[in-house]
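Engineer: Sequence:
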Amino acid sequence: MSKTRPDVDPPDDLTVTPPKTYAAGVPGVAHAMEYSLAQAGPRRTLLTLLSLNQSEGIDCPGCAWPDPKHRHKNEYCENGAKHVTDEATTRRVTRELFAAHSVAELDTKSDMWLNQQGRLTEPMVKRPGGTHYEPIGWDEALGLVADELNALGSPDEAMFYTSGRLSNEAAFLLQLFARSYGTNNLPDCSNMCHESSGSGLGETLGVGKGSVSLDDIHEADLVFVVGQNPGTNHPRMLTALEETKRNGGRVIAVNPLPEAGLIRFKNPQKARGVVGRGTPIADVFLKIRPGGDLALFQMLNRLLLEAEDAAPGTVLDHAYIGAHTIGFEEFAAHTRTVTWEHVLEATGLTRAEIEGVHREVLAAQKVIVCWAMGLTQHRHGVPTIRELVSFLLLRGNLGRPGAGVCPVRGHSNVQGDRTMGIWERAPDSFLDALGREFSFEPPRHHGYDSVAGVRAMRDGKARVFVGVAGNFVRAMSDSDVTEAALRACSLTVQISTKLNRSHTVCGETALILPTLGRSDRDVQASGEQFVTVEDSMSEVHQSRGRLDPASPDLLSEVAIISRLARRTLGEGGAIPWEEFEADYASIRDRIARVVPGFDDFNARVAVPGGFRLPNPVNENRFPTPSGKAVFTCNDLDMIAPPPGHLVLQSLRSHDQWNTIPYAMNDRYRGIHDARRIVMVNPDDLAELGLADRDLVDIVSIWTDGSERRAEGFRVVAYPAARGSAASYYPETNVLVPLDSVAEVSNTPTSKGVIVRLEPALSR
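According to this note's numbering, numbering within the sequence shown proceeds without interruption in unit steps and concludes at 1469.
All the given hints hold, so there is nothing to weed out.
Restricting the straight-line Cα-Cα distance to at most 16 Å, the calculated cross-link-like pairs of lysine to aspartate or glutamate (EDC-like) are:
# : residue 1 : residue 2
1 : Lys775    : Asp921
2 : Lys1072   : Asp927
3 : Lys993    : Glu1061
Restraint ranges, calculated between C-beta atoms of paired labels, are given here:
#  : residue 1 : residue 2 : range
4  : Ala1016   : Gly1350   : 40 to 48 Å
5  : Thr727    : Ala1231   : 48 to 56 Å
6  : Val981    : Gly954    : 19 to 27 Å
7  : Gly1233   : Ala1466   : 57 to 65 Å
8  : Gly954    : Lys775    : 16 to 24 Å
9  : Val732    : Ala1013   : 43 to 51 Å
10 : Leu743    : Glu1012   : 56 to 64 Å
11 : Ser1332   : Lys775    : 30 to 38 Å
12 : His1024   : His1151   : 41 to 49 Å
13 : Thr727    : Pro834    : 54 to 62 Å
14 : Lys1167   : Arg1299   : 28 to 36 Å
15 : Pro834    : Val732    : 50 to 58 Å
16 : Asp1341   : His1151   : 25 to 33 Å
17 : His1024   : Glu1051   : 28 to 36 Å
No wet-lab data here; the hints were simulated from the structure. A virtual CB, placed ideally from N, CA and C, is assigned to each residue, including glycine.
Make the full structure from the sequences, and use the hints.
Structural biologist: Here is the structure:
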């Protein structure tokens, strides 16, 4: 049994107000400005926000939603403004803070406290046996890492992790360095979130990316928004859905919790969003049980088959199915075995609700399915993605305007990182091109993903962890095991902009290497540089910082990787690391020769707005073994908690970006001054003999008989789906065992945790 270490006191200050029934509006603007001004002051706030998401400005690190062709001068959302000004803060972490606080003492601080200390300003080292971080020069720090890497028995004893905050240029260099060094150990944040999307789409369509553009969203007759909360996680999506509604399209929301942004959106950039009631978004809301989405789409597929039986030739697109797909007959036979009894049990919906959605589908000629981690972080996440692809294939809703698949990713450049080769299982075609360009033979064996990497560190098979951006220890599942694995390393290296938990959970030797942020000006030997990113819809464009760096001792991520590669691999060779550091255009020239779709990269990205990468799915070309899209047969898998238990999903609050809370509030859900809360339907609370605001421990149970415990949570009565519960991560990551992962993708199952709530002992 495992227990979490409380990061804050039990939430005795909890107050609850009714959940909001709309997102944004004047309050969204006010909260964004309040936080931004407190962090960055008036001048830096103005410089940053007026540049945010502009064609030659800063790409918002907050999410990967694409930019419209015609941009507003204030082209940002509340949470994007908070995130970029959190990075642009005037607060600084200096050597004095590390002298005043031991590593052990820093480890007792909350995630929010660590982040609020400000920007890192100089390299720091914790030496073997040391209790504090102390300053270290760049030359010595990089030499220390190089010596440690070169002393390993095998390159596979090192791991190179990154998050989607990294640019295309830095990501390309990181994977080039790792593979030149001799390993494919390139875990990334995608392993923990959208890996199921890439796996499911890759198996069925041959391309692990979405197929739609913003114009498609605007033109769609029907948009499914499944397992996601746009109002908090990618608020600019609401602007696109508002346009869908104004063009006559309809929206179906599928989620265990009602979310404010999907109820109504008050666009603060338009008069009707400021003084009017705004735009209702979801025409239909299905309050589904966690993990019930597979069953829902299976029944929708069965109903489409039956509608075709009743009116042959009028429902399914047989011409499309015959020309572009395989597996239809087997799929149809399997789908007809799906029963209402099992579907209603798995979804918690009524037959009338599902049949109503079926009628919406029949009335729509152009359908898009959007989804996020509410689908991917389940044991059956990949089968769910495969099933919704079959749903779209039945009526030819791929490869034409207003239709397609739309995985909505969170990190700014997580999709670009994968395009640049950050993948432990890169295809031979990529490795062949990389080897030809740089005259070396890349390793071919698969490396560690995030879950396998924790196992390797835990078991002594990996000894060095290099993290470039991100907060690995708080993003991963099984917090206790992950922390122990990092502490077992001989060296941990964190290349970061701000202090976080991954700096306090460190190996025998630990380095903090401070880097430029997205908002910082980046000047190298050839002059001022820009970087590029790829959004969720495969648009590639510039990002250029506007602010003076937080410290003269900061290096860019490109510079750090280039210098580390030179120290580790030695001077000479076919890879011009020094040239790459001096001029990022030279990196883009090499990318153009290695990565498909990036021909003439420098010229195309210089055009305002950049360019869109081609997706063969939109030309009805499918790079699968058969050359066709694949209908699949997926067993109906449902989460069946025993009596007295619930299915918990972890999520983030409105005042949070990934693992870092900016405040103790979740304004849209009406939760204030607390994070250690668990939201449960009032009827479930009554059945469990619990009352609103009771103090409980959350205990997860697993098929191997193990249990994990998160202590000291307040129960909040909330209009959640019956049989479900919801709580914030990273506080509840401790509840998910390392080995509880999605089939195929190996993604932690953070949205499908069977738990019981035990009254907490008096503390």
